[in-house]
Amino acid sequence: MGKIKISIDYSICGDGNKIDPRSCAICMKVCEPALFLLHQSLEHYEKDNQYDPQIWRITPLYPSLCTLCMKCVEQCPENAITIKN
Amino acid sequence: MCDHCLKHGTAGKWYLNAKNYSIEVMDEFNQDEDSLKEFLMEQYKTFEAMQVRKIAGFSAEGLGYKIQTPIIGRIVKHFAERMLHSTKPKFNPKQAEGHIGQVVPLDDAIAILENCVDENTIIMKYCMCRYQSRGEKEACCINFGVMSDIIDKLPRFIPEPEDSKYRLTKEEAIEKFTEFNKKGYIGTIWYGAFPYINNLCACKTPECAGIRPRLDFGIKSIFKAEYVAQNNPDNCQGCKRCLTMCQFGAISFNEKTKRTEIDQSVCYGCGICLHVCRYDAIEIVPRQVIPALVGKY
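Keeping their order, the protein sequence lines are chains A and B. Heads up: the first sequence is residues 1 to 85, going by our numbering. Heads up: the second sequence is residues 1 to 297, going by our numbering.
So here's chain A without its partners, still in its complex pose (with noise of 0.2 Å):
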């Protein structure tokens, strides 16, 4: 088997953009493996020294605990979700 490979499209959600995944996060609660991180975007803070604490964004952090269940994909209300096998 190959290494599963998730992928959040960060132009929908999250960085700032159209989905606040601090107010969704339907990903993460119907996780059972809770393999997604909830994080502060890193890009905002690094680039310009500038930390903005209202930019968040959520990163598949452990896809090798990923079961295949679909159940993001399925429930993401944007389909920003991508996972590939």
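Bear in mind the hints are in silico, worked out from the structure with no lab data behind them. Some clues are possibly wrong.
[What the hints assert, rightly or not] Calculated cross-link-like contacts (lysine-lysine; reagent style DSS-like; alpha-carbon spacing at most 30 Å):
(1) A:5 - B:77
(2) A:29 - B:94
(3) B:258 - A:5
(4) A:84 - B:77
(5) A:71 - B:258
(6) A:5 - B:54
(7) B:153 - B:137
(8) A:5 - A:18
(9) B:94 - A:3
(10) A:3 - B:182
(11) B:77 - A:18
(12) B:137 - A:18
(13) B:258 - A:18
(14) A:71 - B:66
(15) B:170 - B:153
(16) B:182 - B:258
(17) B:7 - A:29
(18) B:165 - A:29
Let chain A serve as the given structure and place chain B on it in line with the hints.
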């Protein structure tokens, strides 16, 4: 008794040594209260992002696959453990240096709250782990010491009034912790940067960022408790209640004898199973009375 307790406990467990809860313990590191506050403030400001920040070219992202890689995996594991077990002075608040903990059963946790902690500094805050991996807020972390001074600057960790009071008295803290323990949350005590203890958590797997590295990736991020659960097959009625409580998968049901069995080499000694047993069939015994488990933390 492990090496850690011999070094940092007073002829006993390291977490029952009241010195480790006082700010004076930072003296040998040439750090005082203000520098520790500054360090923790910087760390907690972007606490959730700690796991995706690169340290020497490596972050925890995709850790499972990195650990599986033949040689690199062992290097990653070695450096992660060295960082977590670090006993050197801390300068970089952007990594979890010296953040090591141990599972504590209810009685020990109550002893900590009663004897070691300064009553006026007990606070309750939202669990960071549950927030960063589930997006939900649950007030269940008990902190003390300098954290009570900096919590006001970290509004996202302060519980809403309907969830919990956030400055607790000793009795309230014990009551809350007992409630969580009975609910099935594992009690854990943590260094908030070695050698200063400031965190008594009620953890739940798989969300807990402290227990997960050990359970899923074999990185020793937390010690097992000084105790281990032992069942008494004579009293056991095979009701399977304890089976549902164990978060480590140490309890199994034997279909032939119709009794539950505890795999003591897997048991973390959290004592959660005790709360649901109605037949007095489980007890926790010190780890060192079982020869096979001496020194296996």
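The hints, checked one at a time:
1. Annotation: proposed proximity of residue 5 of chain A to residue 77 of chain B holds, straight-line Cα distance about 22 Å (limit 30 Å).
2. Note on residue 29 of chain A and residue 94 of chain B: the hinted pairing holds, with a Cα-Cα distance of about 27 Å set against a maximum of 30 Å.
3. Pair hint residue 258 of chain B plus residue 5 of chain A does not hold up; C-alpha atoms about 43 Å apart against a cutoff of 30 Å.
4. Note on residue 84 of chain A and residue 77 of chain B: the hinted pairing holds, with a Cα-Cα distance of about 27 Å set against a maximum of 30 Å.
5. The straight-line distance between the Cα atoms of residue 71 of chain A and residue 258 of chain B is roughly 36 Å, outside the 30 Å bound, and the hint therefore fails.
6. Distance restraint check for residue 5 of chain A and residue 54 of chain B: the Cα-Cα separation of roughly 19 Å lies within the 30 Å cut-off, and the hinted pair is therefore satisfied.
7. For the given pair, residue 153 of chain B sits about 18 Å from residue 137 of chain B by alpha-carbon distance, which is consistent with the 30 Å threshold.
8. Among the hinted pairs, residue 5 of chain A with residue 18 of chain A is consistent with the structure: their alpha-carbon atoms are about 23 Å apart, no more than 30 Å.
9. The suggested pairing of residue 94 of chain B with residue 3 of chain A holds, with an alpha-carbon distance near 29 Å, which does not exceed 30 Å.
10. Between residue 3 of chain A and residue 182 of chain B, the direct Cα distance comes to roughly 39 Å. Violation of the 30 Å bound is thereby established for this hinted pair.
11. Proposed proximity of residue 77 of chain B and residue 18 of chain A is contradicted: the alpha carbons are some 38 Å apart, above 30 Å.
12. For the proposed pair residue 137 of chain B and residue 18 of chain A, the alpha carbon gap of about 23 Å is at most 30 Å, so the pair holds.
13. About 55 Å separates the Cα atoms of residue 258 of chain B and residue 18 of chain A, which puts this hinted pair outside 30 Å; it is violated.
14. Our distance criterion of 30 Å between C-alpha atoms is met by residue 71 of chain A and residue 66 of chain B, whose separation comes to about 25 Å.
15. Between residue 170 of chain B and residue 153 of chain B the alpha-carbon distance is near 23 Å, which keeps this suggested pair within the 30 Å criterion.
16. Of the pairs offered as hints, the one joining residue 182 of chain B and residue 258 of chain B holds, with about 25 Å between alpha carbons and a cut-off of 30 Å not exceeded.
17. With a C-alpha separation of about 42 Å, the suggested pair residue 7 of chain B and residue 29 of chain A falls outside the 30 Å cut-off, and the hint is violated.
18. At most 30 Å may separate the alpha-carbon atoms for a hinted pair to count; residue 165 of chain B and residue 29 of chain A meet this at roughly 26 Å.
Of the hints listed earlier, those the structure fails to meet are numbers 3, 5, 10, 11, 13 and 17, in rising order.
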